[in-house]
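If you read the sequence shown in the UniProt record's numbering, its first letter stands for residue 1, the second for the next number, and so on.
Worth double-checking, as some hints may not be accurate.
Just the calculated beta-carbon pair ranges, DEER-fashion [claimed, not checked]: (1) D112 with L29: 46 to 54 angstroms; (2) W159 with K62: 35 to 43 angstroms; (3) K91 with D165: 19 to 27 angstroms; (4) L164 with R52: 38 to 46 angstroms; (5) Q161 with E9: 19 to 27 angstroms; (6) L164 with L184: 22 to 30 angstroms; (7) E158 with T35: 39 to 47 angstroms.
Hint data in this document are derived by calculation from the structure and do not stem from the laboratory.
Even glycine gets a Cβ: it sits at the ideal position worked out from N, Cα and C.
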Amino acid sequence: MQPHVGESENKAQARVEEFDEKTKKAKNLRARKETKFKKRITTARRMTLLCRGKPNALEIWKWVTRLLELLGTLGMSSEDPEPHYVRMGDKEVRETTHAIKICTWRPQKVTDVLKFVDDAAASSSLKRSTAARSRLRDDKISKLPAPQGLPETLYDEEWMQEGLDMDPEFKDDLRVSDEAFEILEFAVEGLGLQVDDENDDDEM
């Protein structure tokens, strides 16, 4: 570690520590996004297997799987771990709440679908032995840029228009894909809720 010109050793050390801390946070953020994506894509694929023989539910979960593949890791919302202590009897137990940042670029319907995927993962048939983590919707806006190359339907219309109003080349810079990807209206209401229903073909 070499100090910059005119920089004291203490300031140089502080600069290096700040850089290391930012690097660590960025690495942890990527890891959390990757974990979230892997969990969701695994859930969607498992639900697809569980829905064999139930055509409507099967088509929904195939669609969800494709949606997740398109969003990828960068399409997942970021979370800030917020440790706190809760009293249980005469002891204080440390818990970590994960505050989920708002992705303004993502349509609410897509966010609703992702929530249903998480609900499916938390259902008794898909539970793992790992301890559940508390997640709370935060009112903070994610500062991370929107992923590039998605179909236009996966970008919020108002967000897109605001970007175009400020910069006519906004859409071009996003490299929006030409793929026609339809947002299934009925998926939000039926996603995962009819998997064990013998009459799901009539309701979906």
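Hint check results:
1. D112 with L29: 46 to 54 angstroms: Hint violated: Cβ distance 24 angstroms, outside 46 to 54 angstroms.
2. W159 with K62: 35 to 43 angstroms: Taking Cβ atoms as reference, W159 and K62 lie about 27 angstroms apart, which means the hint is violated.
3. K91 with D165: 19 to 27 angstroms: About 55 angstroms separates the Cβ atoms of K91 and D165, which means 19 to 27 angstroms is violated.
4. L164 with R52: 38 to 46 angstroms: holds (43 angstroms)
5. Q161 with E9: 19 to 27 angstroms: About 51 angstroms separates the Cβ atoms of Q161 and E9, which means 19 to 27 angstroms is violated.
6. L164 with L184: 22 to 30 angstroms: holds (26 angstroms)
7. E158 with T35: 39 to 47 angstroms: violated (30 angstroms)
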